[in-house]
Amino acid sequence: GAGVSQTPSNKVTEKGKYVELRCDPISGHTALYWYRQSLGQGPEFLIYFQGTGAADDSGLPNDRFFAVRPEGSVSTLKIQRTERGDSAVYLCASRIGGRDTGELFFGEGSRLTVL
Amino acid sequence: AQSVAQPEDQVNVAEGNPLTVKCTYSVSGNPYLFWYVQYPNRGLQFLLKYITGDNLVKGSYGFEAEFNKSQTSFHLKKPSALVSDSALYFCAVRDKGSGAGSYQLTFGKGTKLSVIP
Numbered sequence: 001g002a003g004v005s006q007t008p009s010n011k012v013t014e015k016g017k018y019v020e021l022r023c024d025p026i027s028g029h030t031a032l033y034w035y036r037q038s039l040g041q042g043p044e045f046l047i048y049f050q051g052t053g054a055a056d057d058s059g060l061p062n063d064r065f066f067a068v069r070p071e072g073s074v075s076t077l078k079i080q081r082t083e084r085g086d087s088a089v090y091l092c093a094s095r096i097g098g099r100d101t102g103e104l105f106f107g108e109g110s111r112l113t114v115l
Numbered sequence: 001a002q003s004v005a006q007p008e009d010q011v012n013v014a015e016g017n018p019l020t021v022k023c024t025y026s027v028s029g030n031p032y033l034f035w036y037v038q039y040p041n042r043g044l045q046f047l048l049k050y051i052t053g054d055n056l057v058k059g060s061y062g063f064e065a066e067f068n069k070s071q072t073s074f075h076l077k078k079p080s081a082l083v084s085d086s087a088l089y090f091c092a093v094r095d096k097g098s099g100a101g102s103y104q105l106t107f108g109k110g111t112k113l114s115v116i117p
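Protein chains in written order, with my numbering: chain E, 1 to 115; chain X, 1 to 117.
The hints are simulated quantities; they were obtained by calculation from the structure and are not laboratory data.
Take these hints with a grain of salt, some might be off.
As the list claims (entries may be wrong) - With a Cα cut of at most 30 Å, we get these calculated DSSO-like pairs of lysine-lysine:
no., chain 1, residue 1, chain 2, residue 2
1, X, LYS96, X, LYS112
2, E, LYS15, X, LYS109
3, X, LYS22, X, LYS77
4, X, LYS109, X, LYS58
5, X, LYS112, X, LYS49
6, X, LYS22, E, LYS11
7, E, LYS78, X, LYS109
8, X, LYS109, E, LYS11
9, X, LYS112, X, LYS22
10, E, LYS78, E, LYS15
11, X, LYS49, X, LYS69
12, X, LYS112, X, LYS58
Claimed, not checked - Now the stretches of chain X that chain E is said to cover, found in silico as 3 or more residues with beta-carbon under 8 Å:
no., region
13, 35 to 47
14, 106 to 113
For glycine and all other residues, C-beta sits at the position ideal for the given N, C-alpha and C.
Chain E extracted, bound-state conformation (with noise of 0.2 Å):
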């Protein structure tokens, strides 16, 4: 597609609940990113894949968390059991691999309200 899409736009769930949100990059771009946005705050770095690999998992806030892309290019970001506090919207980003001077670009997000 023309830009990074994101699915489900919206997702209400109750704690305790699993929960994936998708992600599907612009075709070509082998970065991607998840970040996450909770209210009146900036976006937060959760994950950042090259290629099928995560190269850096160091914003996942606990074991709860799991994103995978398992052939490059769609990822999915996987909640379990989740909590009040997950509420917030999940940002999919993508770059092109290779130039790591280039900008992101950003979906419209998934937003999680956790019951």
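Place chain X on chain E using the hints.
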């Protein structure tokens, strides 16, 4: 560790007046600096970046920013504000240094710009 400070939560400016949105940063090495804009219910959009070279960087929609190494600042400016510029603006920094962590882009908390007709 790298960080960004945007000291103003909100900036109000009259249409047609110049605007400035402030940003200061901290990195251990040399910085890559970025400005993004976020309109309501939309994703972040890239405005401009400083990588190297001329300290004055020009970007989209008539915006520009000046890199000041001694003051560790990268303020966003526009000579004449439009009502349509009203949005949330984020400054971001990356360290040029090597290592996996250097690919992290660290964002400020954002500044809400309101341009008053």
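Each hint, compared with the structure:
About 28 Å separates the Cα atoms of X/LYS96 and X/LYS112, which keeps this hinted pair within 30 Å; it holds. Of the supplied pair hints, the one linking E/LYS15 and X/LYS109 holds, its CA atoms being roughly 27 Å apart against a limit of 30 Å. The hinted pair formed by X/LYS22 and X/LYS77 meets the criterion: a straight-line CA distance of about 9 Å does not exceed 30 Å. For the hint pairing X/LYS109 with X/LYS58, the CA-to-CA distance comes to about 23 Å; that is within 30 Å, so the pair holds.
Simply put, X/LYS112 and X/LYS49 have alpha-carbon atoms about 20 Å apart, close enough for the 30 Å limit, and the pair holds. With a C-alpha separation of about 34 Å, the suggested pair X/LYS22 and E/LYS11 falls outside the 30 Å cut-off, and the hint is violated. Restraint check for E/LYS78 and X/LYS109: satisfied, since their Cα atoms lie roughly 25 Å apart, inside the 30 Å limit. About 24 Å separates the Cα atoms of X/LYS109 and E/LYS11, which keeps this hinted pair within 30 Å; it holds.
Annotation: proposed proximity of X/LYS112 to X/LYS22 holds, straight-line Cα distance about 11 Å (limit 30 Å). Only pairs whose Cα atoms come within 30 Å are accepted, and E/LYS78 paired with E/LYS15 is accepted, the gap being roughly 15 Å. Only pairs whose Cα atoms come within 30 Å are accepted, and X/LYS49 paired with X/LYS69 is accepted, the gap being roughly 15 Å. At roughly 21 Å between alpha-carbon atoms, X/LYS112 and X/LYS58 fall within 30 Å of each other, so this suggested pair holds.
Using a Cβ-Cβ cut-off of 8 Å, 7 residues of the region 35 to 47 of chain X lie near chain E, which meets the minimum of three, so the contact claim holds. Note: the region 106 to 113 of chain X has 5 residues with beta-carbon separation from chain E under 8 Å; the three-residue rule is met and the coverage holds.
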